[in-house]
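Q: The lines below spell out each chain.
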Amino acid sequence: MRFAFPLMAIGLEVAMIALFGIFVQYETDQNLSQKSNSTSVDLDTSLDLYPFFRDVHVMIFAGFGFLMTFLKKYGFSSVGINFLIAALGLQWGTITQGILHSHGEKFHIGIKNMINADFSTATVLISFGAVLGKTSPVQMLIMTILEIAAFAGNEYLVVEIFSASDIGASMTIHAFGAYFGLAVAGVLYRSGLRKGHPKEESVYHSDLFAMIGTLFLWIFWPSFNSAIAEPGDKQHRAIMNTYFSLAACVVTAYACSSLLEHQGKLNIVHIQNATLAGGVAMGTCADMNIPPYFSLILGSLAGIVSVFGFKFLTPFFTTKLRIHDTCGVHNLHGLPGVIGGLASIVAIAMEIPITSTTKQAAALGSSIIIAIVGGLITGP
Amino acid sequence: MRFAFPLMAIGLEVAMIALFGIFVQYETDQNLSQKSNSTSVDLDTSLDLYPFFRDVHVMIFAGFGFLMTFLKKYGFSSVGINFLIAALGLQWGTITQGILHSHGEKFHIGIKNMINADFSTATVLISFGAVLGKTSPVQMLIMTILEIAAFAGNEYLVVEIFSASDIGASMTIHAFGAYFGLAVAGVLYRSGLRKGHPKEESVYHSDLFAMIGTLFLWIFWPSFNSAIAEPGDKQHRAIMNTYFSLAACVVTAYACSSLLEHQGKLNIVHIQNATLAGGVAMGTCADMNIPPYFSLILGSLAGIVSVFGFKFLTPFFTTKLRIHDTCGVHNLHGLPGVIGGLASIVAIAMEIPITSTTKQAAALGSSIIIAIVGGLITGP
Amino acid sequence: MRFAFPLMAIGLEVAMIALFGIFVQYETDQNLSQKSNSTSVDLDTSLDLYPFFRDVHVMIFAGFGFLMTFLKKYGFSSVGINFLIAALGLQWGTITQGILHSHGEKFHIGIKNMINADFSTATVLISFGAVLGKTSPVQMLIMTILEIAAFAGNEYLVVEIFSASDIGASMTIHAFGAYFGLAVAGVLYRSGLRKGHPKEESVYHSDLFAMIGTLFLWIFWPSFNSAIAEPGDKQHRAIMNTYFSLAACVVTAYACSSLLEHQGKLNIVHIQNATLAGGVAMGTCADMNIPPYFSLILGSLAGIVSVFGFKFLTPFFTTKLRIHDTCGVHNLHGLPGVIGGLASIVAIAMEIPITSTTKQAAALGSSIIIAIVGGLITGP
Numbered sequence: 001m002r003f004a005f006p007l008m009a010i011g012l013e014v015a016m017i018a019l020f021g022i023f024v025q026y027e028t029d030q031n032l033s034q035k036s037n038s039t040s041v042d043l044d045t046s047l048d049l050y051p052f053f054r055d056v057h058v059m060i061f062a063g064f065g066f067l068m069t070f071l072k073k074y075g076f077s078s079v080g081i082n083f084l085i086a087a088l089g090l091q092w093g094t095i096t097q098g099i100l101h102s103h104g105e106k107f108h109i110g111i112k113n114m115i116n117a118d119f120s121t122a123t124v125l126i127s128f129g130a131v132l133g134k135t136s137p138v139q140m141l142i143m144t145i146l147e148i149a150a151f152a153g154n155e156y157l158v159v160e161i162f163s164a165s166d167i168g169a170s171m172t173i174h175a176f177g178a179y180f181g182l183a184v185a186g187v188l189y190r191s192g193l194r195k196g197h198p199k200e201e202s203v204y205h206s207d208l209f210a211m212i213g214t215l216f217l218w219i220f221w222p223s224f225n226s227a228i229a230e231p232g233d234k235q236h237r238a239i240m241n242t243y244f245s246l247a248a249c250v251v252t253a254y255a256c257s258s259l260l261e262h263q264g265k266l267n268i269v270h271i272q273n274a275t276l277a278g279g280v281a282m283g284t285c286a287d288m289n290i291p292p293y294f295s296l297i298l299g300s301l302a303g304i305v306s307v308f309g310f311k312f313l314t315p316f317f318t319t320k321l322r323i324h325d326t327c328g329v330h331n332l333h334g335l336p337g338v339i340g341g342l343a344s345i346v347a348i349a350m351e352i353p354i355t356s357t358t359k360q361a362a363a364l365g366s367s368i369i370i371a372i373v374g375g376l377i378t379g380p
Numbered sequence: 001m002r003f004a005f006p007l008m009a010i011g012l013e014v015a016m017i018a019l020f021g022i023f024v025q026y027e028t029d030q031n032l033s034q035k036s037n038s039t040s041v042d043l044d045t046s047l048d049l050y051p052f053f054r055d056v057h058v059m060i061f062a063g064f065g066f067l068m069t070f071l072k073k074y075g076f077s078s079v080g081i082n083f084l085i086a087a088l089g090l091q092w093g094t095i096t097q098g099i100l101h102s103h104g105e106k107f108h109i110g111i112k113n114m115i116n117a118d119f120s121t122a123t124v125l126i127s128f129g130a131v132l133g134k135t136s137p138v139q140m141l142i143m144t145i146l147e148i149a150a151f152a153g154n155e156y157l158v159v160e161i162f163s164a165s166d167i168g169a170s171m172t173i174h175a176f177g178a179y180f181g182l183a184v185a186g187v188l189y190r191s192g193l194r195k196g197h198p199k200e201e202s203v204y205h206s207d208l209f210a211m212i213g214t215l216f217l218w219i220f221w222p223s224f225n226s227a228i229a230e231p232g233d234k235q236h237r238a239i240m241n242t243y244f245s246l247a248a249c250v251v252t253a254y255a256c257s258s259l260l261e262h263q264g265k266l267n268i269v270h271i272q273n274a275t276l277a278g279g280v281a282m283g284t285c286a287d288m289n290i291p292p293y294f295s296l297i298l299g300s301l302a303g304i305v306s307v308f309g310f311k312f313l314t315p316f317f318t319t320k321l322r323i324h325d326t327c328g329v330h331n332l333h334g335l336p337g338v339i340g341g342l343a344s345i346v347a348i349a350m351e352i353p354i355t356s357t358t359k360q361a362a363a364l365g366s367s368i369i370i371a372i373v374g375g376l377i378t379g380p
Numbered sequence: 001m002r003f004a005f006p007l008m009a010i011g012l013e014v015a016m017i018a019l020f021g022i023f024v025q026y027e028t029d030q031n032l033s034q035k036s037n038s039t040s041v042d043l044d045t046s047l048d049l050y051p052f053f054r055d056v057h058v059m060i061f062a063g064f065g066f067l068m069t070f071l072k073k074y075g076f077s078s079v080g081i082n083f084l085i086a087a088l089g090l091q092w093g094t095i096t097q098g099i100l101h102s103h104g105e106k107f108h109i110g111i112k113n114m115i116n117a118d119f120s121t122a123t124v125l126i127s128f129g130a131v132l133g134k135t136s137p138v139q140m141l142i143m144t145i146l147e148i149a150a151f152a153g154n155e156y157l158v159v160e161i162f163s164a165s166d167i168g169a170s171m172t173i174h175a176f177g178a179y180f181g182l183a184v185a186g187v188l189y190r191s192g193l194r195k196g197h198p199k200e201e202s203v204y205h206s207d208l209f210a211m212i213g214t215l216f217l218w219i220f221w222p223s224f225n226s227a228i229a230e231p232g233d234k235q236h237r238a239i240m241n242t243y244f245s246l247a248a249c250v251v252t253a254y255a256c257s258s259l260l261e262h263q264g265k266l267n268i269v270h271i272q273n274a275t276l277a278g279g280v281a282m283g284t285c286a287d288m289n290i291p292p293y294f295s296l297i298l299g300s301l302a303g304i305v306s307v308f309g310f311k312f313l314t315p316f317f318t319t320k321l322r323i324h325d326t327c328g329v330h331n332l333h334g335l336p337g338v339i340g341g342l343a344s345i346v347a348i349a350m351e352i353p354i355t356s357t358t359k360q361a362a363a364l365g366s367s368i369i370i371a372i373v374g375g376l377i378t379g380p
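Protein chains in written order, with my numbering: chain P, 1 to 380; chain G, 1 to 380; chain A, 1 to 380.
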């Protein structure tokens, strides 16, 4: 057991090198011009997407990493294991998504694949928030491999089979990651967790470190929701909707936190997490043709629901459902992700032929079901 | 009183949703092509300004937020209230600036409006630095609404009526925010503050957190001063002037700090604040046709003046003028803002017809007078 | 001695102002169109390079600054002196590189010069890591002036005389900075250092601050290696190679750390430093036409070599070679820089006429020799 972690890590890296050797080539101007359909030329070789990639990259490595440092005993292992998961996951995500979309052929990669690779790691990082303190590094390596494979499968289903729209990934990343993590946490439940984890405390400075994570996620979220949107009006709208949704979410999250806490004080956990729910909930609808005030309403709702979730749902999960959700990912990613999926169904129902509503509902359903089944399988 | 904060916050958010519903629409390719003057087409729908927006966004939320964490007892409330003010302020700034420029009609918004909305919150965040520890969250909500309205009025006066130039907003944001905050601080003065606030101490780690704020402000300041500059030579110049001004400012601020402190030690407060004065002072002149060494001189002066201000002026303000300036915003934003305004008058006097000098002087005057009057009204 | 630091800093800033007055002008559309060779027009006046500049700027000021905060007693002086060195160094780097390339004539500067100015400061910041805790601020000012002059000379030799390729500067920045610093550290060696520096300890929170530095360096490294690459395929490849090399490096660094440490625990110093070795090693080859799996192999090797270096080489250096390397820059910048140079020789040997191999070898040799000689001269 002493060498389980280093040997598994080395073994996985060797496997990645072999898979890259077999399947992956870089996109170049030359191989692009050889392709018959020249529609995607602008996207793949130019650096238009590079600024979006960097923002997503900051969110994955600095944002998620520091967000989980709030527990005083887990600060370093949070940011450290986050780093490892994401670095391994992006290689594996490049492979799984590439192979699925190329149907097993060699494939070319560009900046867009880097964005999608980073996205795929986000699911594991979200799930990690639910199981933090309950798993070993070896278990996290296994979970990274299994969850990203399940994510790539679900994403293929949603995009290629259902043709559903989920530009900011409320369903395929946030809801998926949360329910996968909750399923694993349910399997790993031990009765000792009912009275609260002994190390589950924050101190003053660990809360400030977590705020670094919160702020960098919050600041760059408009790029997350618009990174792979169609350039032009849609991408423009995805940026602005997310910007306003997040702003409204902060105001209602602060208001609800003060409303529910003793003597009207603000709860630090709500400020660190619920303020981000507006970005999650806006994901699916971000590029749709909705008026600006709709994004303010959606963000406001997400902030309210998330704070109520932290206050009432998390204790209920721990004591009644026997699911111990360390960072409360259900309130930040799970519920707001579902709200985002439902909002898209409403938005489409009001404008576009009924079939699409079904597609969106199918996407929401598959994201949750595959996540839970995957998590239950991964858990043991 | 227990429910004053949550109810006011919810009420303000509902008001924002209503105002957005009435006034705000997104800019699209379609409504842009309908406009007769097609000069601004490139700016509004393309994403050319998006990288500048993101840098400003980092400065507002991470930069200002962490800069004020240096007080060990206020660390979390600084970054927390900063977050709330900015999130509410950007919605209100979008509305006030939009209505003023559209003369009360419906208006379309794009990335440039997001930059201006972020800018408008900067004034309140600067004023917050002067009143930190003396105000409640409810008072900060009121101040946000009043100050941004006053800012939008002054900005309209400066740009539309005076036709003055203030590209990096030395006058309309920095001097305005500082003098507004000082006026409020003067009104809120209690004699107990004369001997220093009991909680006004920093500890080792709180100073490192504040350095995060300093560095992210310093790094992205060239984008702040050039974000809304005319593309081409002017924007290019605004970036470079600010880059060099800030570099020179660091060197002179360190030198003066060592000169004035006991045994030649460096004072942490100077390093955190005075190193940024070069960015403030460069604001108004950033895009003007000045030689590179001029920006080095202006930055050097700003660093010197700012350190001397912290050493001699802040104690004088507290004991004699009965104005307690918690973070020393007068030395970082007030004085360097005035220097920036004066520098622009000198620069223009040497090159351009005399009328412009008057315009710049009017802009500087109105920024300070409206700020002080506004602050005195807001205070009680 | 009391006034040595402030007077020297003021004196250097006055000298910079004078040199800028004599030599430096801004690039404008007008002076560009006057030039006969219009090939570089796109690069110099447009803002295409500005996003790359900002990423490099974050790395220099926030990345390097926080990376060295891990020592609990040096946290503030690390980030503070880093700030001063970089601010002075970028002015001096602009001058030295400009004068060398213009052969002593007046020269025009643009965004690319800002990137190169930031690059030149990186060498001093790397060397600073080796001498941290052993030098005074006055000594650091002197070292900044001497080392950047030596760097500019070596860079001129490598690029203009040898025509070697070192796009991500494995040799000219990383190896150069490391060996210069080691040479200075060797000169400054005192026998007391053999049993370890008394202040050389980290605490929990100082390690989290250092992680901020690690992550921002890691995240933006693809921009560092591609900033001055030829736009198009080469720049695209430099980004992707660095992205994958760094990801592989993280996995192998964690694996080796666990392998070598007591009870398989991860060593924080390895996580903070060795995870970045993949970026250093990828530098020289980043834009070359190599397959993706090659960058994974190179990154994997760099991670392994760096961890072994920290474990076995640093103690050997301290006790046997009488060189005390405070931050272990030899393991992060020295060895991986040499690996990067050697990898480029191998890559070229397999594809391009033999003369180039010699050029690369000459570049690697000159970077190390000039660095060591420069450091030995600067030391006393």
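If you are wondering where the hints come from, they were derived from the structure by calculation, not from laboratory data.
Heads up, a few of these hints could be off.
One copy or two, either will do: identical chains are not told apart, so a pair holds if it fits within one copy or between any two.
Cross-link-like lysine to aspartate or glutamate pairs, in silico, EDC-like; alpha carbons within 16 Å at most [claimed, not checked]:
(1) 265 x 105
(2) 320 x 233
(3) 106 x 233
(4) 134 x 230
(5) 234 x 29
(6) 311 x 48
(7) 134 x 48
(8) 112 x 261
(9) 112 x 233
(10) 265 x 351
(11) 359 x 105
(12) 112 x 230
(13) 134 x 233
(14) 112 x 351
These numbers were taken from a predicted model, which means no experiment stands behind them.
Q: Each of the hints needs a verdict: does it hold here or not?
A: To see whether the hints hold, each was checked on the structure:
{"no.": "1", "hint": "265 x 105", "result": "neither (57 Å within a copy, 40 Å between copies)"}
{"no.": "2", "hint": "320 x 233", "result": "neither (47 Å within a copy, 57 Å between copies)"}
{"no.": "3", "hint": "106 x 233", "result": "neither (33 Å within a copy, 19 Å between copies)"}
{"no.": "4", "hint": "134 x 230", "result": "neither (40 Å within a copy, 48 Å between copies)"}
{"no.": "5", "hint": "234 x 29", "result": "between (26 Å within a copy, 10 Å between copies)"}
{"no.": "6", "hint": "311 x 48", "result": "neither (42 Å within a copy, 42 Å between copies)"}
{"no.": "7", "hint": "134 x 48", "result": "neither (41 Å within a copy, 46 Å between copies)"}
{"no.": "8", "hint": "112 x 261", "result": "neither (43 Å within a copy, 38 Å between copies)"}
{"no.": "9", "hint": "112 x 233", "result": "between (19 Å within a copy, 15 Å between copies)"}
{"no.": "10", "hint": "265 x 351", "result": "neither (43 Å within a copy, 56 Å between copies)"}
{"no.": "11", "hint": "359 x 105", "result": "neither (28 Å within a copy, 39 Å between copies)"}
{"no.": "12", "hint": "112 x 230", "result": "within (12 Å within a copy, 20 Å between copies)"}
{"no.": "13", "hint": "134 x 233", "result": "neither (45 Å within a copy, 45 Å between copies)"}
{"no.": "14", "hint": "112 x 351", "result": "neither (30 Å within a copy, 29 Å between copies)"}
In this structure, the hints that do not hold are numbers 1, 2, 3, 4, 6, 7, 8, 10, 11, 13 and 14, in rising order.
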